Amino acid sequence: MSAAAAVAHALEEIAGRGQLQADPAALAAVAVDGVVPRWLVRPGTVEQVAQVLVLASAEGLAVTPRGSGSSLALGNPPRRLDLVLDLGRLTAVLDYVPDDMVASVQCGITLDAMAARLGQHGQRLPLDPAPGGGRSVGGVLATAAAGPLRFRYGTGRDLLLGGRLVQADGVVTWGGARVVKSVTGYDVPKLMVGSLGTLGVLAEATLRLHPIPPAWGARLWTFDTVAGAAAYVAAIIDSTLQPERLVLLGAGALNAMRDALRDSPADLPPDGAAVAVSVASTAEAVRAQTALLERLAVPPGGRGTEMTGGFWSRLGGALEGPVALKLAGEPARLGHWLRQLEHVARDGGVGLIAVGEAGSGVLRAALRAPGGDGLPSGTWLAGAVAGLRAALAPEGGSLVVERAPRAMKETLDVWGPVAPEVLDVMRRLKHEFDPAGILNSGRFAGGL
Amino acid sequence: MTAEPRTPDASFLRELEGIVGRGGVVSSPEGRLTYECDMHTFYKGAPDVVVLPESAAQVAAIVRLCRLHSVAVVPRGSGTGLIGGAMAPVGGVMVSMTRMNRLLEVDLPNRCAVVEPGLINLWLSNATRERGWFFAPDPSSQMVSSIGGNASTNAGGPHCLKYGITVNHVLGLQVVTGAGELIWLGGKVHERPGYDLTGVMVGSEGTLGLLTAVAVRLTHLPEGVKTLLASFAAMEDASEAVSAIIAAGIIPSALEMIDEVMVRAIEEGVGAGYPKDAGAVLLIELDGPLAEIESQSARIEEICWSHAALEVRVAADETERALLWKGRKEAAGAVGRLTPNWLLQDAVVPRSRLPQIMREMSAIGRRHGLVLANVFHAGDGNLHPIICYDEQKPGELERAKQVNEELLHACLALGGTVTGEHGVGLDKAKNLPYQFGEADLNFMARLRRVFDPDGIMNPGKLLPSHPACGEGFRPARPALPQGAWI
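Chains as they are written, first to last, in the working numbering: chain A, 1 to 448; chain B, 1001 to 1486.
In isolation and in its complexed conformation, chain A is listed as follows:
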């Protein structure tokens, strides 16, 4: 038996018959940035995940963990890739006591599946990353993905209480707690959020839940200028309002969302923008907050519009595209950075759909070639990214190219620079926990 055949045999022994995929067409479908793995394995238990990694580290196989597969475009092209570790069978809810408002799940479970289960008890995991609820919990945490609900509930960083991770050498480690409050030992779960599985594979997560508020209301306001919209956002933030979501939409995003609005607003001037807000509370408080939102919209010249119920779930979809960026600047400069993105896109004749999350200062943008779904040019993209990063640097901002064809990725650093002294600590961490660099080899920031 060849060495490769022996590995395949061992993987199938671990995960069970039918859980190893070596068929070229199937493997091509799970390629990462065009790098086709040699195998795909679908373990059914955490113990099997651990055994797979014991084998991978012994054989020096480079591994990419995979949840729903929606965000594999994030990151540098892999330096090498032998094995895709598909967590799609790990979908169990391990422990859920509604009165504790905490749930422990296996990380392959999707947000939708969790929502269905939690909703029966009037609870939810308030994470709403793009493109939607088909994403796996593990993938959402590993990529630190979040959406507009972060305004009120924070991100995975604030919701992950504990986690079981499988280290590169197959050792299974637990960190954190199963209760809502614990400072026992280091906050290991924080290391799992946003580290793209490069320090370990998150296999189980214990998450803080929130009650679904009894009443809900949402409204969208359009403004002739981005400055007007930004002034409205600032007024809301400096008020006693407690919105659930507060997002700033550029003109392109508003156009993309037009059919999710009840009465179509008048055409926005190209410099126009919109603010979408949702409030969730008791029915009385929703009415009172909506009234205050109306009043605050008057001075900056907002025109209110009703939205359909599907607005928020479709917002993430509007950001899908072959090239996607995430820009983070000072929260108060969200309007400024929206304008900068619009200038850059206009100069390049590129279509832009941009949605800003107020409060966190994160802008998500999809870029398309003019007049369709085509790609902007790679040269233009590299220049635009470099220009924006240079402008963001003084305030410590960042720009991540979250999705782009491989050819374009090779002309730019998708993550952007990490301060050298911080990168040094990151390197030591990576070296400590994955010395051979088999987990998502080279895909993370700084080439880790």
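Hints are computed from structural coordinates only; laboratory data are not their basis. Just so we're clear, the structure is a prediction, and the values are computed from it rather than from any experiment. All C-beta atoms in this analysis are idealised placements derived from N, C-alpha and C, irrespective of residue type, glycine included. Careful: at least some of the hints might be erroneous.
[What the hints assert, rightly or not] Computed from the model, here is a short list of chain A residues facing chain B with C-beta under 7 angstroms:
| # | residue |
| --- | --- |
| 1 | Thr-173 |
| 2 | Arg-178 |
| 3 | Gly-194 |
| 4 | Glu-330 |
[As the list claims (entries may be wrong)] Between beta-carbon pairs, the in silico distance windows are:
| # | chain 1 | residue 1 | chain 2 | residue 2 | range |
| --- | --- | --- | --- | --- | --- |
| 5 | B | Gly-1273 | A | Ala-419 | 49 to 57 angstroms |
| 6 | A | Arg-427 | B | Lys-1430 | 28 to 36 angstroms |
| 7 | A | Pro-269 | B | Pro-1109 | 19 to 27 angstroms |
| 8 | B | Leu-1323 | A | Pro-417 | 52 to 60 angstroms |
| 9 | A | Glu-306 | B | Gln-1356 | 46 to 54 angstroms |
| 10 | A | Asp-238 | B | Gly-1023 | 41 to 49 angstroms |
| 11 | B | Arg-1446 | A | Ser-377 | 39 to 47 angstroms |
| 12 | B | Asp-1009 | A | Pro-417 | 37 to 45 angstroms |
| 13 | B | Glu-1054 | A | Glu-410 | 44 to 52 angstroms |
| 14 | B | Gly-1023 | A | Gly-447 | 46 to 54 angstroms |
[Unchecked claim] Heads up, incomplete: computed chain B residues facing chain A, CB under 8 angstroms, no partners named:
| # | residue |
| --- | --- |
| 15 | Ile-1165 |
| 16 | Asn-1168 |
| 17 | Leu-1185 |
| 18 | Gly-1187 |
| 19 | Glu-1191 |
| 20 | Pro-1193 |
| 21 | Val-1200 |
| 22 | Gly-1203 |
| 23 | Ile-1246 |
| 24 | Gly-1249 |
| 25 | Gln-1296 |
| 26 | Pro-1350 |
| 27 | Arg-1351 |
| 28 | Gly-1437 |
| 29 | Asp-1440 |
Given the coordinates of chain A, assemble chain B onto it according to the supplied hints.
Same frame as chain A, but now just chain B:
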């Protein structure tokens, strides 16, 4: 970890003076004694020398010097911890942050402030409240504890039920790692590529590095606040009411429980107007949009009445609200009227297990013939049983320790945790193996080594593996001082 930390000599002291000036070094025996313990006076260990730096650059120079000479480094904020944290079990250099207490920047459009670690928690809220903002983490010590200390221990407080603990409010940190690097992690911008080193550093109790600046989130003051006091004949009913409130989908900003023993002690002392026959009192605070807190408070009243409340009082104004809180705030002082000595536990249970753990706790106390008093953060299941004993009575201390240990195990058996908000320090390092397996602890030890390759940072704290109780560790009379903040 590497070699045992060494004791600094005269030339080392001169080098320290070169960094912080002669006035920034305390090396006299009486001076050093002031720093021998935090509020958990059970654990005493004076540092060999105390330094009072005034800048991040000085802190970095101190750590580099200590690293060069393999001398232990122990950070200290206000010394209000309850865990044997800001004390030096193996001697070494204590870095006191009291001179680094400036409010560097308030940036309301970005909802944040940047402070030096020694800034007192409450001062930040005082500086921003008139403009409508505050710093949400509110440990009961907030009028004296420092924000650097809060971040180092990831402190909680009554209102973290709604607002989250300190880590949820830290946007960035300037730190000096154990390797001597002076770096900024995170900051005003909420996202940047890379590992969440800020999140790991918060709560690391000075074992990974020293904090030299903290960028914190500010929170807008709510439209309204409503405070209710509900008293019950039986603790059982009060515990069930807590679970029912949470289960009803209401997250109060604070949900505090005071038991019969504490109610009596408080009434004999300050007199907060609690019914003397109450078996338990709940102090419930709601904040947010007025319409929301009105309907939620009506719902909470219903829940309390349906759980056999003796009385439900709603504060009509700020004066009455202050009165309702008075008993809670005076609780620590009232303990002195109960008992000459006490031990304090900080374990957590899943909130649905509150009624069960309260039953188990009283059984444990009865079994050992000791009185337990309770005043704690019921809403998130964070217990603070106060184990009363008299050190003059033979065997009571041992029994108190036994009760403490049994309480911890009872909480862990229900799926709880060793410490909810006070931290690990020297006190609970030995307890971590109750909650974590060998692989888990090994992961943490390796994480520590990444930041502190020579094992000089706050040795003996947070993890059990390090030889904590070495020659320099002198166990002393166990007692918590009057006025410790719970």
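Verification of the supplied hints:
1. For Thr-173(A), the shortest C-beta to C-beta distance to chain B is roughly 5 angstroms, which falls under 7 angstroms, so the interface hint holds.
2. Given the 7 angstroms rule on beta carbons, the hint for Arg-178(A) holds: about 5 angstroms separates it from the nearest Cβ of chain B.
3. Proximity of Gly-194(A) to chain B holds as hinted, the smallest CB-CB distance being about 6 angstroms (cut-off 7 angstroms).
4. With 7 angstroms as the threshold, the beta carbon of Glu-330(A) comes within range of chain B, its nearest partner Cβ sitting at about 5 angstroms, so the hint holds.
5. Distance hint for Gly-1273(B) and Ala-419(A): a CB-CB separation of about 56 angstroms, consistent with the stated range 49 to 57 angstroms.
6. Between Arg-427(A) and Lys-1430(B) the C-beta distance comes to about 33 angstroms, which sits within the given range of 28 to 36 angstroms.
7. A beta carbon spacing of about 26 angstroms between Pro-269(A) and Pro-1109(B) agrees with the range 19 to 27 angstroms that was offered as a hint.
8. Between Leu-1323(B) and Pro-417(A), the C-beta spacing of about 56 angstroms keeps the proposed range 52 to 60 angstroms intact.
9. For Glu-306(A) paired with Gln-1356(B), a C-beta distance near 48 angstroms keeps the hint of 46 to 54 angstroms intact.
10. Hint check: Asp-238(A) to Gly-1023(B), Cβ distance near 43 angstroms, so the stated range 41 to 49 angstroms holds.
11. A hinted range of 39 to 47 angstroms for the beta carbons of Arg-1446(B) and Ser-377(A) is consistent with their spacing of about 46 angstroms.
12. A hinted range of 37 to 45 angstroms holds for the C-beta pair Asp-1009(B) and Pro-417(A), which are about 43 angstroms apart.
13. In this structure the supplied range 44 to 52 angstroms holds for Glu-1054(B) paired with Glu-410(A), their Cβ-Cβ distance being about 49 angstroms.
14. Between Gly-1023(B) and Gly-447(A) the CB atoms are about 47 angstroms apart, so this pair conforms to the stated range of 46 to 54 angstroms.
15. Checking Ile-1165(B) against chain A by beta carbon gives a least distance of about 7 angstroms; that is within 8 angstroms, so the hint holds.
16. Interface hint at Asn-1168(B): satisfied, since its Cβ lies 5 angstroms from the closest Cβ of chain A, which is below the 8 angstroms cut-off.
17. Hint status for Leu-1185(B) relative to chain A: holds, with the closest Cβ pair at about 7 angstroms, below 8 angstroms.
18. With a cut of 8 angstroms, the hint placing Gly-1187(B) at the interface with chain A holds, because the nearest CB-to-CB distance is about 5 angstroms.
19. For Glu-1191(B), the interface hint holds, the least distance from its beta-carbon to any beta-carbon of chain A being 4 angstroms, beneath 8 angstroms.
20. Interface restraint check for Pro-1193(B): the shortest CB-CB distance to chain A comes to about 4 angstroms, inside 8 angstroms, so the restraint holds.
21. With 8 angstroms as the threshold, the beta carbon of Val-1200(B) comes within range of chain A, its nearest partner Cβ sitting at about 5 angstroms, so the hint holds.
22. Nearest Cβ of chain A to the Cβ of Gly-1203(B): about 5 angstroms, under the 8 angstroms cut. The hint holds.
23. Taken as an interface hint, Ile-1246(B) checks out: its beta carbon lies about 7 angstroms from the nearest beta carbon of chain A, inside 8 angstroms.
24. The interface hint given for Gly-1249(B) holds, since its Cβ lies 3 angstroms from the closest Cβ of chain A, which is under the 8 angstroms cut-off.
25. The closest approach between the C-beta of Gln-1296(B) and any C-beta of chain A is roughly 7 angstroms, which is under the 8 angstroms cut-off, so the hint is satisfied.
26. For Pro-1350(B), the suggested interface contact is upheld, since its CB lies about 4 angstroms from the closest CB of chain A, less than 8 angstroms.
27. Nearest Cβ of chain A to the Cβ of Arg-1351(B): about 6 angstroms, under the 8 angstroms cut. The hint holds.
28. For the restraint placing Gly-1437(B) at the interface with chain A, the shortest Cβ-Cβ distance is roughly 7 angstroms, inside the 8 angstroms limit, so the hint holds.
29. With a cut of 8 angstroms, the hint placing Asp-1440(B) at the interface with chain A holds, because the nearest CB-to-CB distance is about 5 angstroms.
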